[in-house]
Amino acid sequence: MATAPHGSHALPENAVSLKGVGKTYRTRGGSKPALTDVTLDIPRGSLFGLLGPNGAGKSTLINILAQLVIKSVGEVRIWGFDLDRQPRAAAAAIGVVPQELNIDPFFTPRELLDLQAGLYGVPKRQRRTMEILAAVGLADQAESYTRTLSGGMRRRLMVAKAMVHCPPVLVLDEPTAGVDVELRQQLWSYVRELNAAGTTLLLTTHYLEEAEELCDRIAIIDHGRVIACDTTRALVRRFDSKELVFTLGEDVAAVPHALAGFHATLEGPRRLRLSYQPSRVPVGEILAAVQQAGLTVTDLSTVEPDLEDIFLQLTRRRDGTGGGRTAHPAAAAGGRG
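All letters in the sequence shown, in the order written, are residues 52 to 388 by this note's numbering.
It is worth saying that the hints were derived from the structure and are not from the lab.
All C-beta atoms, glycine included, are put in the ideal place defined by N, C-alpha and C.
Please note that the accuracy of each hint is not assured.
Unchecked claim - Restraint ranges, calculated between C-beta atoms of paired labels, are given here:
(1) 249 with 317: 48 to 56 angstroms
(2) 202 with 317: 41 to 49 angstroms
(3) 82 with 344: 40 to 48 angstroms
(4) 289 with 106: 18 to 26 angstroms
(5) 79 with 135: 26 to 34 angstroms
(6) 78 with 194: 46 to 54 angstroms
(7) 359 with 334: 19 to 27 angstroms
Let the hints inform the model, and build the full structure from the sequences given.
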């Protein structure tokens, strides 16, 4: 389902742009910052992931984009439209799928989509209600009351509601939260189709492996600040750690003394796992140490870091609890924690 052109507005380089955005909530005791100096560009046509622990500020950021929360400071542009000076145009350029399944139980999917299209001023002759319902697999439920739909169907209906005005930007807030594996795969397949058709997607998810598979760019937010933003591949490369897993030809009772300078552990009498930092330790040095230890190696495999590793390293570092898996004893001395 292709995304219709958004009027005659020139295509922007970035679908969403935030500069110095902050949000502070007033409390009885004073104030509580939710976002601090958030500067972020989401390229047009990208599939962009926003990750962070609970309470990191993801929902506040999304609610600002949806104009449900007023930012305290900074500039936000959606499809080139300034959120302060052109709020209606900015709202028309974005669709938001919230995490909560907030649907009137006494409407049918067809009625809900027609109502939503009317709220956005979409003329009746331009509405694509059945096309959108078919795209999310709900055409056969068009006349059913939403209260009779399963949780997965209602989740898909929320996506359909957000697409009635053909927004060039779609925000998905935890779209697969609480859904089964089969539905999760269906939703991600639809997300890929939308992105391939030109829709820019911003999604938040707790499933890091899905973000790594789906997203071409990722930002990590923690304590209201963006602590990393890069391509998915570049983020993973920033985690300076690899593991070598050795299958041995004979039983070993303990880690040999020759490997004492490395972070090595036995996972069985014939399986040795060794973590190291490629920037500090050449792999040849490790292999030489294994040979010096007199070990017979029958198989060797390399374990690369993934997005979960970098996520844990960055968020734990800010909490002062270390940097995820220790890559090498020198890491602690090197100030990586």
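Here's how the hints hold up against the structure:
Taking the beta carbon of each, residue 249 and residue 317 are about 52 angstroms apart, inside 48 to 56 angstroms as hinted. Range check, residue 202 to residue 317: about 45 angstroms between beta-carbon atoms, so the 41 to 49 angstroms window is met. For the hinted restraint 40 to 48 angstroms between residue 82 and residue 344, the CB-CB distance of approximately 59 angstroms leaves it violated. Separated by about 24 angstroms at the C-beta atoms, residue 289 and residue 106 satisfy the suggested range of 18 to 26 angstroms.
Checked against the hint of 26 to 34 angstroms, the C-beta distance between residue 79 and residue 135 comes to roughly 29 angstroms, which is consistent with it. Between residue 78 and residue 194 the beta carbons are some 47 angstroms apart, a value that agrees with the proposed interval 46 to 54 angstroms. The hinted range of 19 to 27 angstroms is satisfied by residue 359 and residue 334, whose Cβ atoms lie roughly 23 angstroms apart.
The earlier numbered hint that this structure contradicts is number 3, and it is the only one.
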